[in-house]
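Asker: Keeping the supplied structure of chain A fixed, place chain B upon it in accordance with the hints.
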Amino acid sequence: MDIQVQKVGIVSCSGEEIPEGTLCRLACRKVLDERPGETVTICLPLFIAGGEEERTFASNYPTITVDGCDKMCAAKATEMLSGKPSKSLSIPEILKKHGLKPPTKLRHFGPEEDAAVKAVAAEIAQAVDEVLEEE
Amino acid sequence: MGKKHKKVVVLPCSGIGKVYGAVARETAYELVEKVRPGVATLTCLPLLVINNPEAVALVTENPVITIDGCPKECAKKSVEAVGGRVARAYEAIKFYKEHKDLKPEGIAEVNDTGRKLAQVAAAEIAQEVDKLAAGEEQ
Numbered sequence: 001m002d003i004q005v006q007k008v009g010i011v012s013c014s015g016e017e018i019p020e021g022t023l024c025r026l027a028c029r030k031v032l033d034e035r036p037g038e039t040v041t042i043c044l045p046l047f048i049a050g051g052e053e054e055r056t057f058a059s060n061y062p063t064i065t066v067d068g069c070d071k072m073c074a075a076k077a078t079e080m081l082s083g084k085p086s087k088s089l090s091i092p093e094i095l096k097k098h099g100l101k102p103p104t105k106l107r108h109f110g111p112e113e114d115a116a117v118k119a120v121a122a123e124i125a126q127a128v129d130e131v132l133e134e135e
Numbered sequence: 001m002g003k004k005h006k007k008v009v010v011l012p013c014s015g016i017g018k019v020y021g022a023v024a025r026e027t028a029y030e031l032v033e034k035v036r037p038g039v040a041t042l043t044c045l046p047l048l049v050i051n052n053p054e055a056v057a058l059v060t061e062n063p064v065i066t067i068d069g070c071p072k073e074c075a076k077k078s079v080e081a082v083g084g085r086v087a088r089a090y091e092a093i094k095f096y097k098e099h100k101d102l103k104p105e106g107i108a109e110v111n112d113t114g115r116k117l118a119q120v121a122a123a124e125i126a127q128e129v130d131k132l133a134a135g136e137e138q
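So the protein lines, in turn, are chains A and B.
Note that the working numbering has the first sequence beginning at 1, numbered continuously upward.
Note that the working numbering has the second sequence beginning at 1, numbered continuously upward.
Isolated chain A, as found in the complex:
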């Protein structure tokens, strides 16, 4: 019997201009590293800069978008250029839910930001579980 393991796509806001963007990247990377067999990612700008393979990403994988601010670039770009995401997560909402303060720096996160990275990563991992169960 073939056992097929479905992978879940994770599309991170890159948010270079805001600390929440860095938080987003670090949390997404953590989930990708911890669940390599179940997750895959794509660089968001590849929806424009890439080819057909990149543009069909959200058709090929059930996709979770993770955004750092209310502009929701990852969710909007994925839906506009690739396909409707299965779930859309928002960093400000996750931080509020966990009673955590937003990060204040763009780079070189350390112990002060660790709780936020772990909380966001846990929410993404939970979303991955939910999407895999639905598939």
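Source of the hints: derived by calculation from the structure; they are not laboratory data.
For each residue, glycine too, the CB sits at the ideal point set by N, CA and C.
There could be a bad hint or two in this list.
[As the list claims (entries may be wrong)] Simulated restraints on C-beta separations:
#1 124/B <-> 110/A: 22 to 32 Å
#2 112/A <-> 106/B: 14 to 24 Å
#3 99/A <-> 136/B: 42 to 52 Å
#4 101/A <-> 105/B: 21 to 31 Å
#5 93/A <-> 51/B: 19 to 29 Å
#6 119/B <-> 97/A: 35 to 45 Å
#7 110/A <-> 119/B: 13 to 23 Å
Answerer: Then chain B, alone, in the frame of chain A:
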């Protein structure tokens, strides 16, 4: 001599899959925060992907330097896709090829050696920032 610019936009790769994406970002942050604060500025690359009017205006009204992490050149192509013109385009690996003693590691963020490489890269790119700000374009 062309038009002087108050801002020079520095746009790094936004990838979280390769070390040179992280080097590109670290270099951009070094420029914006330490080497040329007030002149070098950045915006979120995905804002261009969704055609955010403020981000589009920023890259069409000011000179842009892109620092890409891989040959797919997302940063450069994203600027061009919204009608901006890239004044200087770099690939982060270039700086490692020129400084083989500074091998970067890390993907979401670079290690200490990667930070040193980014400092070297930022110092080199700063000269181009100065030229573009002074109107010495293209």
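Asker: A separate judgement is required for each hint: does it hold in the structure or not?
Answerer: Hints versus structure:
no.: 1; hint: 124/B <-> 110/A: 22 to 32 Å; result: holds (28 Å)
no.: 2; hint: 112/A <-> 106/B: 14 to 24 Å; result: holds (19 Å)
no.: 3; hint: 99/A <-> 136/B: 42 to 52 Å; result: holds (51 Å)
no.: 4; hint: 101/A <-> 105/B: 21 to 31 Å; result: holds (30 Å)
no.: 5; hint: 93/A <-> 51/B: 19 to 29 Å; result: holds (24 Å)
no.: 6; hint: 119/B <-> 97/A: 35 to 45 Å; result: holds (38 Å)
no.: 7; hint: 110/A <-> 119/B: 13 to 23 Å; result: holds (19 Å)
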